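Trainee: Spelled out from the first residue to the last, the chains are:
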Amino acid sequence: MPDPNSDRSSRIDTPPHQGDSPERIIRVSTLARVEGEGALTIRLCNDRVEEVQLRIFEAPRYFEAFLRGRHMQEVPDLTARICGICPVAYQMSSCHALEQLAGIEVSGPLRELRRLLYCGEWIESHTLHIYLLHAPDFLGYESALAMAQDRPEYAALVRNGLQLKKAGNAIISLLGGRAIHPINVRVGGFYHVPSKKELKQLGEELKGAHDLARQTVRWAASLDFPAFEHDYEFVALRHQAEYPMNEGRLVSSRGLNIAMGEFPKHFEEYQVPYSNAYQCRRKNGGAYYVGPLARWNLNFDRVPASIRQVADETGITWPCRNPYVSIIARSLEVLYAVEEAIRIITTYEMPDSPAMPYQPCAGQGAWITEAPRGILYHGYETDASGIIRQASIIPPTSQNQLQMEGDLLRIAPQLVNLSEQEAALRAEKVIRNYDPCISCATHFLKLRVERR
Amino acid sequence: MTTRKPRIGVFKFASCDGCQLTVLDCEDELLDLAERVDIAYFLEAIRRPLEGEFDIALVEGSVYTPEQEEYIRDIRQRSRFLITLGACAAQGGIQALRNFTPPDEYPRVVYALPQYIESLAKSRPASDYVPVDLALQGCPINKQQLLRVLVQMLLGSKPRVPNHALCLDCKRQNIVCVLVAQGKPCMGPITTTGCGVLCPSYDRPCYSCFGPAYQPNPSSLTRRFAHLGFAPHEIQRLLHGYYSQAPEFREEGQRYARS
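First to last, the sequence lines map onto chains S and E. The numbering of the first sequence is my numbering, which starts it at 1 and goes up by one. The numbering of the second sequence is my numbering, which starts it at 1001 and goes up by one.
No lab work stands behind these hints, which were simulated from the structure alone. One or more hints might be untrue.
Said to hold, decoys possible - Capping the alpha-carbon separation at 30 Å, the derived lysine-lysine pairs in DSS-like fashion look like this:
id: 1; chain 1: S; residue 1: Lys429; chain 2: S; residue 2: Lys283
id: 2; chain 1: S; residue 1: Lys207; chain 2: S; residue 2: Lys197
id: 3; chain 1: S; residue 1: Lys196; chain 2: E; residue 2: Lys1171
id: 4; chain 1: S; residue 1: Lys283; chain 2: S; residue 2: Lys265
id: 5; chain 1: S; residue 1: Lys196; chain 2: S; residue 2: Lys207
id: 6; chain 1: E; residue 1: Lys1171; chain 2: S; residue 2: Lys197
id: 7; chain 1: E; residue 1: Lys1184; chain 2: S; residue 2: Lys197
id: 8; chain 1: E; residue 1: Lys1184; chain 2: S; residue 2: Lys196
id: 9; chain 1: E; residue 1: Lys1171; chain 2: S; residue 2: Lys200
What the hints assert, rightly or not - Reference listing, derived: stretches of chain S covered by chain E, where coverage requires no fewer than 3 residues with Cβ under 8 Å from a Cβ of chain E:
id: 10; region: 78-89
id: 11; region: 152-164
Keep in mind that this is a model prediction, so the values were computed, not measured. We put the beta carbon where it would ideally sit given N, CA and C, even for glycine.
Please model the complete structure; the sequences and the hints are all you need to start from.
Mentor: Below you can see the structure in the form of structure tokens.
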């Protein structure tokens, strides 16, 4: 197989002519409109699917290695750098895991502010995907910029999307200092907390975002979705009262219901022999599905009735097992996050202190939070002075990877009679349904799956 | 006068994608920018093959795999003006902490089968391979700085980026010094301006995610940290963070690593 880096384009090709070889290869050398670098190959023989590969050639950056020897206080700043799109998720999972280790629990206004920060990230990250990465698949363009330049109504659509995204970034910038790699998050809380007045101003900005979020759901529901359903095992957190972000039990659509600390007992990471890859699966062997569609399917009874009504008006029957419909789940979560942000801002009382004190100590801690793309597991072990001895990070994209390949296998028979270009595009769309963040999944380099 | 729009490419190496996301975070400017320039290659946002030459190349990430060594040379050949975005492209980034360790150590920690993992022994900046015309610092870069540089280039003037110490900005903004007043280990006196004085205005000391300022004096600052009671390994970690391979930070940090 030629190296994908040798031709960095989204394209497909057939192998050099091999006489009457029945083999045909559909290849996308470099996936576009995803975060990070990956490639995919589907090998057909006599019109039968021989092999599906989702190959990640993103360079590994070894976070779990260099975290060793750093102080626990530095961890939220460091793990943020795993992903420029969802740094808050890394900060939240890090902080909660280390707080569990240190034996403290952040509550009251500090807990609310963290939830507000996470709302900002869900809005920013989901809106980026909905409008800039995913919409062009549904409307038939190479990019949102091309959409905007082609038709005035699409220009208005993209402008609305960007305004909504900006509202998410405004939350992160106020609470975190900046939109990417916030500087204001620490184990125990924050360095500095906003005044009521500052938050009130932000609340005004969010009012416009609320209208845009409702429009987004309606627009997403107007799209055409391919008929493509599968009996996935959806996995997400579930909280006793809230739509889940930082807390809850880990549940699945097949009856799993465990404390989040039990994650390693039920799920495993494994490297496929001859493949250089980490993947995740249930210990019973199965693939599972994390992210907005899983979260919504398992938790739509936890949002206010007004949002449930908007969800019903989409005409989709929930729970939904069509991954293309994830764009509606994502927009419903944006609407929820905007409303939740406004609720938090309206009821905010400034805390006495920006952070809860803690003593660095020897111990172990593990936590899961709901990153925009799904559950994000962090586990740490420290020595008596709070220096990290071991770190384990399992991002949502490596958990969805087996599922993405499964979808490619399921769609492959439909690709047989398509033109090369069309087949490649269809396969890419399957991947983009998951909003994969390949930069996050630093430790699943070069996946290669062979099923014969 | 030519009316051809300048061709811009955005290219990714080993990184978190945060610096190129900064382009998409220009919510108010993005569509106007796309009218004035031809964003001809930007894989995170546009499904289009890499073709032709570029007036401006924006390069994110460090060179960390054998393929990337070839890729950076290819981009240089295609581009008139090459701008690196952020700490990774400028100095190897946070992942360059591996440069202090034996080459096989990190793969063994992270992978069960490390023999299959292909990365270079060191995370390197683009400038180790090709001439770089301008480096925007930061982890991540500052959106306003990026826009200003692009506007300067569109106007035909030579882009300039200030590189005085962050410390000066704090004084200008009347922010009480976190080092002098609170005894916190602030890297502001030796860190370049660009972030907008974020950390001190949020009551925390600067941890230098923008790297060294022009002509920094790290040993004077670290002596002060030592007087304040910070241990050598704490001082070393401050220097060996997001810009650990910047010579001034690398050497001063190594002095404390040995002590």
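Trainee: Are the hints correct? Go through all of them and say.
Mentor: Consistency of the hints with the structure:
About 29 Å separates the Cα atoms of lysine 429 of chain S and lysine 283 of chain S, which keeps this hinted pair within 30 Å; it holds. Proposed proximity of lysine 207 of chain S and lysine 197 of chain S is supported: the alpha carbons are some 16 Å apart, at most 30 Å. Distance restraint check for lysine 196 of chain S and lysine 1171 of chain E: the Cα-Cα separation of roughly 27 Å lies within the 30 Å cut-off, and the hinted pair is therefore satisfied. Only pairs whose Cα atoms come within 30 Å are accepted, and lysine 283 of chain S paired with lysine 265 of chain S is accepted, the gap being roughly 8 Å.
Between lysine 196 of chain S and lysine 207 of chain S the alpha-carbon distance is near 17 Å, which keeps this suggested pair within the 30 Å criterion. Only pairs whose Cα atoms come within 30 Å are accepted, and lysine 1171 of chain E paired with lysine 197 of chain S is accepted, the gap being roughly 26 Å. Distance check on the hinted pair: lysine 1184 of chain E and lysine 197 of chain S sit about 28 Å apart at the alpha-carbon level, within 30 Å; holds. Under the criterion of a C-alpha separation no larger than 30 Å, the hint pairing lysine 1184 of chain E with lysine 196 of chain S is consistent with the structure, at around 27 Å.
Proximity of lysine 1171 of chain E to lysine 200 of chain S is assessed by CA-CA distance (about 29 Å); at most 30 Å being required, the pair is judged to hold. By the rule of at least three residues with a Cβ nearer than 8 Å to a Cβ of chain E, the coverage given for the region 78-89 of chain S holds, with 7 such residues. With a threshold of 8 Å between beta carbons, the proposed coverage of the region 152-164 of chain S by chain E holds, since 5 of its residues qualify and at least three are required.
Hint compliance for this structure: no hint is broken.
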